[in-house]
Amino acid sequence: MSFDVTFQEKKLKSVGTRPLRPDGVDKVTGRARYGADFNMPGQLVARVLRSPHAHARIVRIDTARAEALRGVKAVITAADLPDLTDGNASLFAVLDNCMARTKALYDGHAVAAVAAIDAKVARAALKLIKVEYEVLPHVVDVDEAARPDAPIINDQVFTKGVEPTPDTPSNVAARSEFGHGDVEAGFAKADVIVERSYKTEQTHQGYIEPHACVASCNADGTADLWVCTQGHFVYRQTCADLLGLEVSKLRVTSSEIGGGFGGKTHVWTEPVALALSRKAGRPVKLVMSREEVFRASGPTSATSIDIKIGATKDGKIAAATSTLRYTSGPYADTWAEIGAMTSFACYDLENVKTVGIEVVVNRPKVAAYRAPSAPMAAFAVESAIDELAHKIGMDAVEMRIKNAAKEGTRASYGPVYGPIGIGPTLEAARVHPHMSAPLGKNQGRGMACGFWFNFGGQTCTDLNISADGTVTLAVGTVDVGGARASLSLIAAEELGIAYDNIKAVVADTATLGYNDMTDGSRGTFSSSMATISAARNAIKVMRERAALMWDIPVEDVYWEEGQARAAGSKYGNLSPLSVKDIAAEAGNTGGPIAGHSELVADGAGVSFATHICDVEVDPETGATSVIRYTVIQDAGKAVHPAYVEGQYQGGAAQGIGWALNEEYIYGEDGRLQNPGFLDYRIPVCSDLPMIDTQILEIPNPNHPYGVRGVGETSIVPPLAAVANAVSNAVGVRMTHVPISPPRILAALHDQAGT
Amino acid sequence: MSAIAVSTIINGDDVEFLCQPDETLLDVLRNRLGLLGAKEGCGTGDCGACSTILDGRVVCACLVLGAEAEGRTIETIEGMAEGKELHPLQRKFIEHAALQCGICTPGFLVTAKALLEVNPDPTEAEIRFWLAGNLCRCTGYDKIVRAVQDAAREMRGEVA
Amino acid sequence: MFYERPQTIEDAVGMLARNVDNAFVLAGGTDLLVRMKRDDFDADLIVDIKAIRGMAEISETDGMFIIGAAVPCAALGEHQALKAAWPGVVEAANLIGSTQIQGRCTIAGNLCNASPAADSIPALVAAGARAKIVGPDGSRTVAVEEIPVGPGKTSLKPGELLEAIELPKPPPHSADAYLRFIPRTEMDIAVVGAAVNLTLDASGTVKSARVALGAVAPTVVLAEAAAQAIIGTKLEDDALDALAAACSAACNPIDDKRGTTTFRKHVAGVLGKRAARNAYDRAGGA
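Respectively, the protein sequence lines represent chains A, B and C.
By the working numbering, the letter at position 261 of the first sequence is numbered 261, and the numbering carries on one by one without gaps.
By the working numbering, the letter at position 148 of the second sequence is numbered 148, and the numbering carries on one by one without gaps.
By the working numbering, the letter at position 284 of the third sequence is numbered 284, and the numbering carries on one by one without gaps.
Honestly, the hints are just simulated from the structure, not real lab data.
Remember, predicted model here, so these are calculated numbers, not experimental data.
Glycine included, each C-beta is placed from N, C-alpha and C at the ideal position.
Do not take every clue at face value.
As the list claims (entries may be wrong) - DSSO-like, lysine-lysine: derived pairs with alpha carbons at most 27 Å apart:
id	chain 1	residue 1	chain 2	residue 2
1	A	10	B	84
2	C	37	A	199
3	A	120	C	37
Claimed, not checked - These stretches of chain C come out as covered by chain B in the derived footprint (C-beta under 8 Å, 3 or more residues):
id	segment
4	1 to 8
5	33 to 40
6	146 to 158
7	272 to 283
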């Protein structure tokens with residue numbers, strides 16, 4: 001049955017309300033089971049041995065003594081894993097990151113792993129593995145790595161995207177370019193030009209739950225994996241590809257997930273746990289320590305960005321360029337390209353050019369982090385636009401309104417926008433009481449805009465109607481922040497029944513068709529689309545059953561407010577049949593009633609936000625506190641507004657942490673100095689004010705209820721909003737994130753000439 | 001190294017267990033007693049996900065040895081509800097959408113309960129500083145603070 | 001490895017003396033347990049001192065407060081007389097870690113852990129606190145600043161145990177204050193710490209003062225020139241500026257993940273000034 005995704009304006013009863021989440025009681029009583037909360041009979045404990053060197057050739061690994069230790073059941077190195085050296089390059093990189101084959105490429109890179117009867121034996125075994133390294137020169141800084149004389153990390157990397165392809169290897173893996181118009185001509189017309197370079201340091205998603213899994217490989221080729229992941233179907237495919245398993249024989253169950261933010265879209269230790277289990281013939285539990293999480297999973301790119309923007313006196317941007325250098329860890333990736341695509345996406349520009357430069361470094365492989373690559377680009381661009389507005393003498397909001405993209409604008413990265421929310425969020429900011437609130441001594445206000453693409457992708461949903469008329473909804477997108485509540489609302493809306501009569505679960509890979517990850521803000525967007533489709537399919541079945549029960553043609557049965565009704569006056573005396581009525585008779589009318597849906601959720605609808613931030617800076621110490629913060633963002637349609645607000649607030653908090661204090665700090669030896677929550681400083685409760693939110697609803701034309709993804713955009717503006725606020729408070733432009741107290745104080749002293 | 005026999009009271013019940021001398025109370029709760037509500041987010045006392053009440057003071061169970069529990073009284077998240085009746089804080093966390101992923105929630109609840117026992121009418125700042133050792137990466141803390149404020153109001157008998 | 005919980009201090013000393021090479025004292029455990037989790041940690045014996053009588057108590061004599069080595073820092077904040085007499089020491093102790101850490105950590109442990117950045121040490125030094133030590137050869141009492149001799153290193157001899165911290169009852173018109181700089185509002189290790197303890201005469205002039213700085217050198221710095229800068233003054237602006245300059249000059253910091261040398265020197269002066277003002281106000285200075 002074809003499914004019409006077009007937005008249709010109608011009054012919604014369930015969608016837009018704020019019911020209690022279905023997994024709430026489990027989560028407040030400690031019963032919800034996360035990655036590390038699962039155990040299997042005969043389970044072993046695994047530990048991973050990691051390189052202490054930022055860059056080193058692995059000369060020899062001697063595991064004999066570890067293998068001989070009583071209680072050790074398996075030891076593996078890369079030699080125990082398939083050799084993908086001459087195969088698919090991206091799969092090779094994924095596996096090489098899980099277990100280094102020839103070289104350790106960063107401090108924390110896995111080189112061996114053990115499975116033993118308990119943690120104590122596993123720890124003792126790790127100490128018995130002898131690794132002989134040949135330490136190589138390393139490079140961790142983005143600008144230093146891009147220099148021609150930098151130590152080469154991978155001699156097979158030749159810069160892609162330049163003509164002709166270089167014949168010497170370098171750490172610049174690729175160059176990409178986007179834009180249109182003639183920027184030189186544009187700059188020639190500009191009255192005022194701002195040209196500046198910016199830097200952002202590497203941050204971590206900082207999910208509170210470390211990666212954890214239990215893997216069990218059986219002798220018959222079947223295997224089970226329990227894991228905290230944002231995408232169990234993708235983990236299944238990746239692990240099967242890496243280890244040569246049959247996809248359908250590997251059953252992956254996603255546990256409750258204790259935060260991911262993109263970091264749990266990549267496999268880290270899961271293939272290692274499976275390989276250990278396969279070798280040991282027993283289930284294996286592998287839980288990363290917090291130190292391992294920081295050293296060897298998920299950071300975002302460190303960046304170095306050059307911006308040039310020119311405008312005429314009336315505030316109209318005449319031309320804009322950006323060059324963005326992003327680290328990707330030791331393997332080539334496309335993070336700078338994404339940054340280049342997003343950098344000017346908020347604006348309607350005649351002449352624009354953006355260049356992305358991918359740089360490999362001796363740091364952990366970069367993983368997605370909430371609107372990956374966009375916050376750094378927005379920091380640079382929104383800082384420059386703020387400065388431009390100051391130079392022209394124009395209000396920062398007015399300047400942005402004058403240049404904002406709108407329906408029909410050709411984005412700097414190519415597409416032409418449909419109805420979008422950048423203009424409305426700016427208009428809302430202009431009149432928001434926050435904008436006119438008085439500021440005290442040492443206080444400053446900043447604002448900034450942000451963009452994110454959003455994503456749809458492959459989605460599959462089952463909706464089963466039980467004999468008592470209650471409904472189970474099985475979805476395949478992992479619930480990272482309340483999606484089961486939102487999807488239950490969607491099913492309730494479509495079926496016309498009460499929210500409480502629906503139980504939503506995340507199905508495992510054996511019980512539902514393939515689903516892409518919960519990434520790209522797609523969870524609620526795409527699974528709601530599939531849920532609507534599944535519900536409509538179930539309604540079709542229920543109409544047929546009602547027709548049978550009434551013995552009338554199905555064309556004369558229509559569905560309204562959760563009931564089958566007979567159309568026309570000739571059936572005037574037939575009382576409507578509820579879901580419960582129809583379900584009770586299912587056994588006599590054709591068996592179980594269900595609705596299924598498989599689709600590719602296209603048309604995710606781009607997302608925009610405007611943030612306003614007030615800070616107070618102690619001019620004697622550089623200490624900064626955020627004293628007021630407002631998020632204004634387009635949700636398309638807020639399905640469960642409380643959890644939409646939660647996404648806005650959570651993204652803002654992560655962005656504030658990034659702006660002020662969070663950073664990976666490396667020593668001269670290339671080792672990470674702060675792999676823990678003590679010195680990797682994410683915001684604590686007393687660091688933040690209440691975070692005000694304003695939800696705008698500009699319907700996405702490609703979703704029946706107008707829903708857009710809401711998860712990621714909220715992390716895009718804060719770096720710039722905070723930087724602009726600090727710069728306005730202290731009178732010095734801050735160009736290096738995080739804007740930590742020593743950096744602020746140094747900038748103030750430079751300005752004072754002391 | 002040989003195991004130590006420990007007798008203690010957990011959530012009002014007499015509990016006996018054996019543990020290794022270097023084993024933490026968190027490992028004992030999770031791996032020996034099946035009390036999986038306390039989570040290990042860091043193992044170094046920096047995240048508060050394993051917050052547990054020991055003789056009336058909230059502590060990180062990852063920084064207590066199992067052997068230290070001898071003769072002492074322990075309260076965990078599993079003991080917070082009275083049977084089927086949720087504690088007001090538990091209800092208010094759900095009502096205010098004060099959790100997203102929920103991994104930090106047990107720790108926040110245990111810590112907030114300890115706060116309201118010593119300070120039934122805390123200011124926003126008092127709540128924020130008391131909870132500063134409990135990290136949440138999802139919510140930005142806004143709804144958590146509101147849930148604690150609302151629960152405190154209800155527990156003081158004020159109409160919400 | 002063994003875990004022991006002796007009932008008497010003699011037993012504890014005996015155990016430590018028999019395992020001088022590799023025994024550790026467990027009080028609050030907030031530093032020790034973190035170390036125990038490291039793969040390279042190795043110990044023969046852990047001696048838990050919390051069951052020793054009096055160890056977890058704060059007692060008071062006519063002349064002093066005696067804080068047992070196992071008293072959690074949270075208990076300091078709950079002791080009204082101590083808080084009134086030594087507000088700076090108590091605020092320093094109550095800045096260590098989180099609510100959860102407060103329920104366990106001790107100032108004796110903070111002292112013996114000998115971190116350059118320990119919050120309670122500058123306040124204890126400024127207050128003129130003394131440490132009562134027991135060992136195989138009997139007991140001795142020393143000024144607290146004699147305990148840490150380098151990062152992670154103390155002057156305690158093999159088999160010795162810190163039994164209590166003694167704080168004198170302050171003379172009239174006295175007060176202390178402690179301030180630290182951290183990038184966040186909580187949960188950080190001090191980048192700079194400054195403690196000031198002063199006594200005023202009837203006219204509000206500073207009669208005596210002690211200024212101590214943390215996290216700016218391998219061990220706590222007793223900044224005597226900084227104290228001299230305010231003695232005989234009513235904290236006029238030039239006196240405070242001189243104090244700040246003396247604090248900055250007394251620093252011998254390093255660049256590390258928590259702060260730069262320049263930053264630490266500058267902020268030591270700022271905090272010294274602010275702590276002096278706080279102490280002065282508390283002491284009743286106008």
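Hint by hint, here is what the structure shows:
1. 10(A) / 84(B): violated, 40 Å
2. 37(C) / 199(A): This hinted pair is violated, its Cα atoms lying about 36 Å apart.
3. 120(A) / 37(C): holds, 11 Å
4. 1 to 8: Coverage by chain B holds here, the residue count being 4 at a Cβ distance below 8 Å.
5. 33 to 40: holds (count 4)
6. 146 to 158: That given contact is violated, which follows from only 0 residues of the segment 146 to 158 of chain C lying within Cβ reach (below 8 Å) of chain B.
7. 272 to 283: violated (count 0)
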